[in-house]
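Here are the chains, one letter per residue:
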Amino acid sequence: MHISRSIEILVGFFVAMGFVAMFFLSMEVSNLGGLNGDEGYEVTASFENIGSLKVRAPVSIAGVKIGRVTAINFDSESFEALVTMQIESKYDQLPSDSSASILTAGLLGEQYIGLEAGGEDELLQQGSMLELTQSALVLEQIIGQFLFSSDSEDE
Amino acid sequence: MVGYLQGLGARSLGMFERLGRGAVFFINILLCIPSVLVRPRLLVAQLHSVGVLSFSLIVVAGLFVGMVLALQGFYTLSDFGAEGMLGVMVAASLVRELGPVVAALLFAGRAGSALTAEIGLMKATEQLSGMEMMAVDPVARIMAPRFLAGLLSMPILATLFSAVGILGGYFIGVGLLGIDEGGYWSQMQAKIDFNQDIMNGLIKSIVFGWVVTWIAVFEGYDAIPTSEGVSRATTRTVVHSAFAVLLLDFILTALMFGDI
Numbered sequence: 001m002h003i004s005r006s007i008e009i010l011v012g013f014f015v016a017m018g019f020v021a022m023f024f025l026s027m028e029v030s031n032l033g034g035l036n037g038d039e040g041y042e043v044t045a046s047f048e049n050i051g052s053l054k055v056r057a058p059v060s061i062a063g064v065k066i067g068r069v070t071a072i073n074f075d076s077e078s079f080e081a082l083v084t085m086q087i088e089s090k091y092d093q094l095p096s097d098s099s100a101s102i103l104t105a106g107l108l109g110e111q112y113i114g115l116e117a118g119g120e121d122e123l124l125q126q127g128s129m130l131e132l133t134q135s136a137l138v139l140e141q142i143i144g145q146f147l148f149s150s151d152s153e154d155e
Numbered sequence: 001m002v003g004y005l006q007g008l009g010a011r012s013l014g015m016f017e018r019l020g021r022g023a024v025f026f027i028n029i030l031l032c033i034p035s036v037l038v039r040p041r042l043l044v045a046q047l048h049s050v051g052v053l054s055f056s057l058i059v060v061a062g063l064f065v066g067m068v069l070a071l072q073g074f075y076t077l078s079d080f081g082a083e084g085m086l087g088v089m090v091a092a093s094l095v096r097e098l099g100p101v102v103a104a105l106l107f108a109g110r111a112g113s114a115l116t117a118e119i120g121l122m123k124a125t126e127q128l129s130g131m132e133m134m135a136v137d138p139v140a141r142i143m144a145p146r147f148l149a150g151l152l153s154m155p156i157l158a159t160l161f162s163a164v165g166i167l168g169g170y171f172i173g174v175g176l177l178g179i180d181e182g183g184y185w186s187q188m189q190a191k192i193d194f195n196q197d198i199m200n201g202l203i204k205s206i207v208f209g210w211v212v213t214w215i216a217v218f219e220g221y222d223a224i225p226t227s228e229g230v231s232r233a234t235t236r237t238v239v240h241s242a243f244a245v246l247l248l249d250f251i252l253t254a255l256m257f258g259d260i
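Just so you know, the protein sequences line up as chains B and P, in that order. Quick note: the first sequence uses this note's numbering, first residue 1, plus one each step. Quick note: the second sequence uses this note's numbering, first residue 1, plus one each step.
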């Protein structure tokens, strides 16, 4: 069976288009393009309650995204959540006494970690631990507290 | 009453018989695949008729599906002030579901029916018996290259469908409806996970490619060698492929995304 050259070229073009589309999907559409390898440094922070914080949630300072949450573990000694976050290496000028709090984007949005710069001269580096943390606001607890306090006022 | 029960039994027996023949046929094809790899020219010719000729259909369909998704998604999302999520919605629905499923349904209609008709007609005109007379195995020479071509084409077509659909959603969302361009892409990149979404979509498309081509080639091989038999086999290919794709899609979705 003889196959003309143009058919082979068309098939080659077809397969190449498949690779282009796959490249587009992985680089432009998914998170693969955003990951720049294992660059950056990791810091940890322990929170009393992380609410619904998820792995891969953004870490931001002054509203600028500087990293991602890479792992969430439970510390069975202190009974607190241990959050590991990766911060891009170009943001390596953060004071070591910066504080971390879990915030919510909008009223119903996803939760992220907001850092607030401290005043120390020493800088955050690989393996640092953020001492000052603020837990997530859990709506049920706030409502519970509100009901409780309004009850006690009535009496 | 007895006649009815007899008919029912005969039908179910016939169904299992066909299923068994299909499975044996599939194993035969698998055994013949090495002989195709020795002669890649057969495969290239089939990649052309199965894949390249479906290319334009898939691209146009993907473009319009993406555009419709953007229009409809915008209508609902704007109620919640969440137009920025349009990119995520379009990309997630295309990559996870619509890309593999719609591409497979179109593939069954475009390439699957052609495969069945071609092989069925070969059988009706006794070309397959002729090959056997010349000691050429028709499964190795005719079925296996077609099966392999379908298996390879389907992931490419589904990926193209999703990619073009996302671009179509971009044209409508950013161009026509005035959504922020940066938001469309960045929200998408933040939410679509490579392993979770893109890879699972790819696995789905490979499974669909397998089931559609298997049904198409088997129906052709198993067709009653008359013009009516070939026409029935072609219809069955499209109907059974569509059912199989939708059923497998439910099972795969439940396995892949059921625990999210």
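No lab work stands behind these hints: they were computed from the structure. Positions of the beta carbon are idealized from the N, C-alpha and C atoms, including for glycine. There's no promise every hint is true.
[Unchecked claim] Pairs of lysine-lysine, DSS-like flavour, derived with a Cα cap of 27 Å:
id: 1; chain 1: B; residue 1: Lys-65; chain 2: B; residue 2: Lys-54
id: 2; chain 1: B; residue 1: Lys-54; chain 2: P; residue 2: Lys-191
id: 3; chain 1: P; residue 1: Lys-191; chain 2: B; residue 2: Lys-90
[As the list claims (entries may be wrong)] Sample of chain B residues lacking proximity to chain P, with all beta carbon distances greater than 12 Å (derived):
id: 4; residue: Ser-6
id: 5; residue: Asn-31
id: 6; residue: Leu-137
A quick look at each hint next to the structure:
Distance hint between Lys-65/B and Lys-54/B is fulfilled; the C-alpha atoms sit about 16 Å from each other, no more than 27 Å. Simply put, Lys-54/B and Lys-191/P have alpha-carbon atoms about 12 Å apart, close enough for the 27 Å limit, and the pair holds. Note on Lys-191/P and Lys-90/B: the hinted pairing holds, with a Cα-Cα distance of about 24 Å set against a maximum of 27 Å. With a minimum CB-CB distance of about 9 Å to chain P, Ser-6/B fails to clear the 12 Å threshold, and the non-interface call is violated.
Look at Asn-31/B: its CB is around 6 Å from the nearest CB on chain P, not clear of 12 Å, so calling it non-interface is violated. The claim that Leu-137/B is not at the interface with chain P holds, since no C-beta of that chain comes within 12 Å of its own (minimum 21 Å).
The structure is inconsistent with the numbered hints 4, 5, although it conforms to all the rest.
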